[in-house]
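> Sequence:
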Amino acid sequence: MVRFHDGTTNELPTTHVYITTHNDEDGKPVFDDRPEEVVLKRIAGAGVNVLYSTNTFPVDLKDNKDIKDHKNQSTPFPIKLPNGSVARLIDYAPGVESPMHRTNSLDYGVVLEGEITLILGDHETGPRRVMKRGDVSVQRATDHAWKNNSSTEWARILYILLDATSEDGKDEDYGGIDMQ
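Residue numbering for the sequence shown follows numbering that gives the first Met the number 0, starting at 0 and increasing by one per position.
It is possible that some hints are incorrect.
[Claimed, not checked] Computed beta-carbon distance windows for the label pairs: (1) Lys67 x Val129: 39 to 45 Å; (2) Tyr17 x Gly94: 31 to 37 Å; (3) Glu114 x Ile18: 26 to 32 Å; (4) Asp23 x Arg132: 25 to 31 Å.
[Unchecked claim] Derived lysine to aspartate or glutamate pairs resembling EDC-like cross-links, with alpha carbons at most 20 Å apart: (5) Lys146 x Asp167; (6) Lys40 x Glu96; (7) Lys40 x Glu10; (8) Lys67 x Glu24; (9) Lys131 x Glu152; (10) Lys67 x Glu35.
Read the hints as simulated data drawn from the structure, not as lab findings. Treat the numbers as computed from the prediction; the structure is a model and nothing was measured. Even for Gly, the Cβ is constructed at its ideal location relative to N, Cα and C.
Build the full structure now, drawing on both the sequences and the hints.
Here's what the structure looks like:
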């Protein structure tokens, strides 16, 4: 079961993150000492956690700079990082629909559990795709929302967000999503 910061749980499998690096003595590969179990933060009917982030491209691995930068990232965590990447896990409660929002980023979304609808442009009339486990979206800085289609089951998506420039010059709009 997944744990939330507030002590509640959902029935989805617990996620663990294993970060690899090299030890200082002989350069052999080892696992970083970061806590492995992912604990989600509740935000508007969903559970959110940043699994990993980088703030440079290409990623600077020297002296574990990327690991240190990730551990020192500010709170609240931004939706995306300029010139960087964000790996984010979101668990959507049954029936939850996100606000329509837009980030100037290229987002890969992989459905890990459940069934969820990707809605473009307008909640009522916008084009939609029902996504099932294993489906992938490539979200290119367009207005979009997500809706968990089930009234009883949670849905989970892994997102990888890469900073991007908008093709139409529009500003970002988080749709009132509060990451705090």
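> Hint says 25 to 31 Å; check whether the CB-CB distance for Asp23 and Arg132 agrees.
violated, 41 Å
> Are Glu114 and Ile18 spaced within 26 to 32 Å by their CB atoms?
holds, 31 Å
> With the threshold set at 20 Å, check whether the alpha-carbon distance from Lys131 to Glu152 stays at or below it.
Holds, because 13 Å separates the two Cα atoms, which is no more than 20 Å.
> Quickly compare the C-alpha distance for Lys67 and Glu24 to 20 Å and report which way the hint goes.
Within the cut-off at roughly 19 Å; holds.
> Holds or violated: 39 to 45 Å for the Cβ distance of Lys67 and Val129?
Because 41 Å falls inside the window, the suggested range holds.
> So the hint says 31 to 37 Å: do the beta-carbon atoms of Tyr17 and Gly94 match that?
At roughly 33 Å between Cβ atoms, Gly94 and Tyr17 fall inside 31 to 37 Å, so the hint holds.
> Do the alpha carbons of Lys146 and Asp167 lie within 20 Å of each other, as the hint requires?
Not satisfied, since the Cα-Cα distance of roughly 26 Å exceeds 20 Å.
> Decide if the proposed pair is consistent with the structure: Lys40 and Glu96, CA atoms, cutoff 20 Å inclusive.
Holds - the C-alpha atoms of Glu96 and Lys40 are around 17 Å apart, at most 20 Å.
> Sort out whether Glu10 lies within 20 Å of Lys40, counting only the CA atoms.
holds, 15 Å
> For Lys67 and Glu35, compute the direct alpha-carbon distance and say whether it is at most 20 Å.
holds, 16 Å
Taken one by one, the earlier hints fail for this structure at numbers 4, 5, listed in ascending order.
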